Amino acid sequence: MNLFISKDDLIRWLELLLRERIIIAPIRVQGQTMFQPISKVEEIMFDFDNTALSSKGWFLPPTETLFSVRRDDGQIKLMPATVERDAIIFGIRPCDARGIALMDGPFLQVPSDTLYQERRNRTTIIGLACRQAQPECFCTSMGSAPDDPSHVDILLTEVKDGYIVQVVTEKGKALLPKGWAKYKRKMPTPPQLKTVPTKGIVSAIREFFNDPYWERLADRCLHCNICAYVCPTCYCFDVRDYPDKGKVERVRSWESCQSPGFSLTAGGYDPRTTKGERLRQRFYHKLLYFPERFQEVACVGCGRCGKACPVNIDIREVISDLHQLAEAKSGS
Amino acid sequence: MSAGYQPKVIGFLCNWCSYAGADMAGTSRMCYPQNIRIIRVPCSGRVDPLFVLKCFQRGADGVLVSGCHPGDCHYTEGNYHTRRRFALLREFLDYLGIEKERLRVEWVSASEGQRFAELVADFTTELARLGPRS
Amino acid sequence: MARIGVFLCHCGSNIAGSVNIPEVIEAVGKLPQVVHVEDNKFTCSDPGQASIQQAITKHRLNRVVIGACSPRMHEITFRRTVAGAGLNPYLLEIANLREHCSWVHPSQVKEATAKAIDLVRKAVARVAWQEPLTPKHVGITRRALVIGGGIAGIQASLDIADAGYEVILVEREPSIGGHMAQLDKTFPTLDCSACILTPKMTTVGQHPNIKLMSYSEVEDVSGYVGNFRVKIKNKSRYIDVSKCTGCGECAKVCPVELNSEFNENLGKRKATYIPFPQAIPNKYTIDKRGYPPCRVACPAGVNAQGYIALISQGKFKEALAVLRRTMPFAGVCGRVCTHPCEHDCERGKVDQPVAIRALKRFMADYELKAGREKATPVERTKEEKVAIIGSGPAGLACAYDLVRQGYPVTVFESAPVAGGLLRYGIPEYRLPKAVVDNEISYIRELGVEIKTNTTVKNLEEVFAQGYSAIFLGIGAGVSQKLGIANEDAKGIIYALNFLKQVNSGAKVDLGKRVVVIGGGSVAIDAARASLRLGAKEVHLVCLETRDLTSKDRMLAQDWEIEEAENEGLIIHPCLGPKEILTRDGNVAGLRTIICTSVRDTDGKFAPKFAEGPAPTIEADTIIVAIGQRLDVEAFEEVKKMPVGTVKVDSTTLETNIDGVFAGGDVVSGPADVIRAVAAGKEAAISIDRYLRGVDIQEGRPETVKRVKEVSKAGVTPKARHPMPTLEPGKRRGFDEVELGFDEKTAVAEAQRCLNCAVCSECRECEKVCEAKVVVHEMKDKVSEEEVGAIVVATGATPLNHTQFSIYGGGVYPDVISSLQLERLMSAAGPTGGEVVRPSDGAHPKEVVFISCVGSRDERTGSGYCSKICCMYMAKQAIMLKEHAPDTHSHIIYTDARGPGGKIFEDFLARAEKIGTTYMRGQIDNVAQQDGRLLVSGQDFLTDKTFNIPADLVVLATGLMPNQDIANLFQTLHISYDNKNYLLQAHPKLRPVETAMDGIFIAGCAVAPTDVPESVAQGGAAAQYVLKLFSQESIEAEPMTSIVDIARCTGCLLCRQVCPFQAIEAQILRDGRTVASINESLCKGCGICVVACRPGAIKLRGFADQQILAEVMSL
Amino acid sequence: MDMELIQQIRGKARSLLEEGTVEGVIGYERAGDGVTSRPLFAYDSSAAERLIFDDTCTHNLVKYLLGKRGKKMAVMVKPCDSRAINLLLNERQIDRDKVFIIGVGCPGVVETEWNHKSETLQARCRSCLLTKPLVYDVLLGRELARKAEEETYSDILEAEAESVVSRREFWREQFSRCIRCYACRQVCPGCYCPVCFAEQLEPLWVGIRIAPEENTLWQTIRTFHLAGRCIGCNECERVCPVDIPLSLLNRKLEKDVKELFAFQAGLDPEEPPPFATFRKEEMPELGE
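Chains as they are written, first to last, in my numbering: chain Z, 1 to 332; chain Y, 1 to 134; chain U, 1 to 1114; chain L, 1 to 288.
It is worth saying that the hints were derived from the structure and are not from the lab. A few of these clues could be false.
Label-pair restraints from in silico Cβ distances [stated by the list, open to error]:
hint, chain 1, residue 1, chain 2, residue 2, range
1, Z, GLU15, L, ARG50, 52 to 62 Å
2, Y, GLN114, L, GLU213, 30 to 40 Å
3, U, SER1080, L, LEU66, 31 to 41 Å
4, U, VAL138, Z, GLY261, 34 to 44 Å
5, Y, ALA121, U, HIS883, 54 to 64 Å
6, U, ARG1069, L, LYS147, 44 to 54 Å
List of simulated lysine-lysine pairs, PhoX-like, C-alpha gap at most 20 Å [claimed, not checked]:
hint, chain 1, residue 1, chain 2, residue 2
7, L, LYS147, L, LYS132
8, Z, LYS245, U, LYS30
9, L, LYS72, Z, LYS275
Note that this is a predicted model, so its numbers are computed, not measured. Idealized CB from N, CA, C, for every residue including glycine.
Just need the whole structure built from these sequences, with the hints factored in.
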């Protein structure tokens, strides 16, 4: 069901929605575009290249309290965290939306992560189709597209005098006011993207677990967490208890497989001590382990990691390197 | 600043001079504001700037680092290091938005009970003037 | 899981009075891990401690918190309690509820209670992180160090030594005895002080267990109880103490006399001395205070004080020998030296400097007059031949030093006669040729070969003749040209040529009107020579100003400018030569230009000229004296500076050619004689080192220690003796202008010398010492000793009475200190026990004592009572009466007490009974009237003013520790107050202990004490030392740092900050370098912990977690 | 691009590798975007042919020596980077004998981001007075007489002139953006603790909360640990994915250390750093 909405109407509609819900949208903060809860609709950026950080932080916040425990007069009380309000993510790009869908795999499988699930249930996703491709984009190679409506509740596509509104789910439909005109015009053509040869990558990568390639690549890797934190599909976290004067909070924060202490176990053993092993983990997880369990490559082709990496480690280059290694191997 | 505002002060006192000086204030029954909580350290050179940062993070309104007068350190040189470390930290804290007046470095000898009592009173007054940290 | 028990002490009402204990119990009971809380009336009492031990067992406690007094009070007690119940003593934490809470917040129960809860919570949080620690046991060095040889130190030393242990007694004065040795009698028994002290001193001197280190100071102390390492500086006495017989022959010949410190400046002693006849050790000490300012100022380092001291004794020949130890030119420098020594002479700060140059000349004149004995040639002990090129002052000085070291030396001189500038540059009327000849002959007689009429062309040739080293001292022999128009006119003469001709007796054609251009000594010499050659008018034109205080002043010396003007020279200052006017190729005059500035702000020559009317001076002869330079062509192989002088290393005077050295004007450009001599001497050092093949740079330039302060107390101004001169009217020939001192004048002038360095190094003592124990080159010796305990008994000194000018102290000679009175009363004192007035030696009849001088008054001295003054004033009043029954004493007191039992009070009563007038009051003024003193003030009891005429006023000055003693206390790490009195570990219960284990204190260093108290404390300190020595071993503090090598990065910043050198680098098997801490050296300060960013260092007992737990609990 | 210089670099790298002087050469190569550059570890002469040098070579490669301890490595060092060498020598983290320093003359580096190169010289280059590396084994390229102005810290002085409240607000906002990715630490040649204080559990200095309060503590301690050690390569600020102006922190301390202790990091490998030493007579007013 395609509808049309003028820019003015869109704003009025969002204003209406903001009265009852939190709206998370791209806004400008200190020169950067970031997904954050808005206080006024005017803050929303409708025209932006993709955000530096993906919108995953709404569902898996950088830091959240899972529950707290308090000792009161000898009694021990446990207070789980809850989601207070309904929310809308507005302006999400199709690639990021697909990232959320991929995160659903690990978080919603039984037993599900209740906090994640609750947020997911209470959030409606309004996507914004890409009218332009950025140099780093390669979503089409990863099973998505600039106008892919698959993983949003509503998808907006900008046209000359307003937006085409594709209502994808019932949840999306529930947000709509009545009396909008149906859209009959032709949908605009999506931008063309460079392609990355992803075909066969899952089976190709399996062969190179012990290849020196990883140590060589890791030579220049700084092992910061940028790639993981900008990635829409990286979902690793750390959990820590905070005791403070008779109260304990259990806190979850983002963490990354690139951190030196990430895989350190309680007894002091670390299965991944070298830089190469750590860097390999990132690509093996995305290109092998995740697909083995959830049938999809854990990359949406947003290109953020390659763009943000201070030393230019780029998943596209890794994929093509692996193909070359495979060719060389089969050739020899 | 409300009249009832009671600044929270944490004092790191070296065992040999300043802690003894604070004891001397007690032995001589000199009254001073109750706001200060004293942590004993062997030498002011043991006071890690990180402790002070933790104090401020934990909501302290003021921190006192106190050792022997320069030249009198029980460990000869500890307070010279203290002086360097905290001279720099004070400037840095001020730059980050914590008034440097909130971090005091004071030399108090074992015989200076009076001086200790006076400086706690003075520090507390100054902190009250600055008001609570937001 | 920690099971913490909390024990709260009421301390009677000390804590419970301000802290609501039940409220604290309730709050603390809710804290995590706390399983037991109880309170006690007195936790430190036996039942209180027993209760803790029972609770530990009953509640299976594994951590204990005690809320009580300061941990500095009872931590050790409670550790023992906890250990008694089988728990590790370090699993205890004390919350300071008394000193830090109840006592400082009385009557604020609410706040104090809340604070007490916080303090206990903090302790609970910390104790959970406490770890069991085990003290190590270390051995004890059973040797004691006693610092201070006063009566307290003597007693402590004897007690320890008698118990069979070794003692090192360090005393900074030449003798032990302290102030007690200065006393005549002691109160209240009136024992003769010397009689009761001397046997003890002798015992110390002879005790097999006592190593007496007098004239020594403790420089550094490291280590810890039972194991101290002490560095002791044995100050040089310049006498070999082991051999000195104390005969005193040295003192008899010593020319230097100064006030005796032992006699409180009332008597005299020599520079070599024994402070008092009963001194222990009975050995002489030569008092050297560094170099005198005259010697420091002299470029050649001539010891002026040395020869002046001997002149003052009439030992003229010996005096000249002192000078000749340094250089040979008494007659030359006694005439032409620019004498920087006089400029720095300390006497100048009193009235005028000593006439050092004139005295130097006197010695030479005296010898010349008496007829000089031929010098004995120096034995040649060295093979290597040295060539000196140029026989000016630099070359000859160099030759002189080298020949005396046994080198064969040859001087090459191109002129027919030796002497260089001395002969050809300086006119006869200033420096007679006979004087130069005499001194050159002396050098020749020593064995220096001088080859005149021998021009050296190149250095290669000299080396080829078998010389191993060359000194180049060829001077700057070419006059600078003016560079203006008509300089080639007839009648232009260059000053150097002019003087050379004059000095060699050649006939010089001089006109009637002479203009000399230049403002230096050469210009003045040229001008004065012109006057003597019969010129009608002599004018001098120079760029500089005549104002001798200006930066642009003339370079010639003050006196020669004045003399020249006296002789008729007309000076035209601030003018530069512009053009030479000629008539028929002959000089007709000089056109000048105005010079506005000569030197820039850096002192560099940069003349500035101004347009404007400037005079033209008529002349038929112009003498150009604007400077000299080296002949550029000379010795091409030697590297030169752009200005044409030879380039040398500024310290060693080495040139670019190996084995060739240069100095004097050839290096510096035109300078004076003494600087040339200095250069020659410096080169001699280099040549000797060069030839011996040792490091030429090492220890150069020599750093000399100038005397710090020169006392001018008691110096009566006395004008300098002027140099007699030839009257200006008689000065037409080349007769010498200055006439020199006669013997009487010389001796009187020499006696003006203040003997700044005390010992003048005349070395007369060396000559008379039969045991040959005088060693003037002796150096301070630093020795290291290991001891297990230290007693500090450094004493105190009465305040200097001269600082109390309000009472006439330092103003009137008859206002003396009580210690001075002791010396006057002592049979061994300066007056043989006769009490006389210092001013006129009369017997004083009315004596006024003023008490509390500098005591009990923060403004004038100290805020405390000096305790002993009441008693010694009574004693002195009694003794005065005994010396002369007609003496009447008045004691003006603030309060008068005899604290020390009935016998003390009886003593005061006795003083009053014999007729001493006691008056409670305050002194307003002490004035001099009709040759007596008038003491006026206020009587507090009658409220009336009084005026007492007195013959003698005695100030009872209070005691104060030595002000420079703080350095020692810092080295020992013991605490002291703002008056430098030592702090006791506890003022009541631990009076002779300090906060530093193993260091004990006694006597006046702690507080003013009288003799019996000092003896008691010395004995008490000894008892603590013996108690320590009776233990088998000592428990060492287990709170030391350790390194977690996994976290250590090996940056070793910790090593750099450790004050105890306890951290070393350790190389692991995998090749990594990490820090490693030597636990026995670590003192647990924790400086390294903070320096360690990775957190690899932990201080046991003060770990990050423990302190952080405290922070987090607040 | 100065091809002559690049040929010299490649030639030197080749000979070092072929002669076995070093195991590897750390240099720069063109990045995947074809515009910027990235670090290259060349272990054989064919890889050495990829070495480049131009005004996009911003990375401070000295950091990588810390990961290659014990191995003989050559490293390309710009004048500014050489201060990091001195720092690590002072702190005994590298063995001078094991490091071959290829010093390169540097015309200054420009602001870049992925796929984009600007013409603007980086701020640190505008105040860089070094014309050649302070330490090197071979110097390639020219020693440059550049028009640099001495650091005036004008931005710091401006911030200091603000009220303490506005500074507090400013930094609260900045630190609230921090995502604790630790890129600033990972890129810093002065950060090499085996376990960073931020990751220590005992004692727990900073928690894992990515929240303003803990972020502030993290950044405060991080910068303070670099006091007197930061050599001003400003890589931390460059790599920050949320653009926190970290140079305002580092340079504040640099300025204060200069003023209080007359010290600048990395200029002399022998000079004791400010926290290793003291002068008895300094700062007499503090504490009295």
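**Message:** Please check whether VAL138 (chain U) and GLY261 (chain Z) have a Cβ separation lying inside 34 to 44 Å.
**Reply:** holds, 41 Å
**Prompt:** Is the hinted range of 54 to 64 Å satisfied by the C-beta distance from ALA121 (chain Y) to HIS883 (chain U)?
**Reply:** With Cβ atoms ~58 Å apart, the hint holds.
**Request:** Could you tell me whether the CB distance from ARG1069 (chain U) to LYS147 (chain L) stays inside 44 to 54 Å?
**Result:** Holds: the Cβ-Cβ distance is about 53 Å, inside 44 to 54 Å.
**Given pair status - LYS132 (chain L), LYS147 (chain L), alpha carbons within 20 Å** = holds, 14 Å
**Message:** Between the alpha carbons of LYS72 (chain L) and LYS275 (chain Z), is the straight-line distance 20 Å or under?
**Reply:** holds, 19 Å
**Range agreement (Cβ of LEU66 (chain L) with Cβ of SER1080 (chain U), hint 31 to 41 Å)** = Cβ of SER1080 (chain U) to Cβ of LEU66 (chain L): about 35 Å, so the range 31 to 41 Å holds.
**Asked** Does the Cβ pair GLN114 (chain Y), GLU213 (chain L) satisfy 30 to 40 Å?
**Response** With Cβ atoms ~38 Å apart, the hint holds.
**Request:** Starting from the hint 52 to 62 Å, judge whether the C-beta atoms of GLU15 (chain Z) and ARG50 (chain L) obey it.
**Result:** holds, 56 Å
**Asked** Going straight from one Cα to the other, do LYS245 (chain Z) and LYS30 (chain U) come out at no more than 20 Å?
**Response** Within the cut-off at roughly 11 Å; holds.
The structure is consistent with each of the numbered hints, conforming to all of them.
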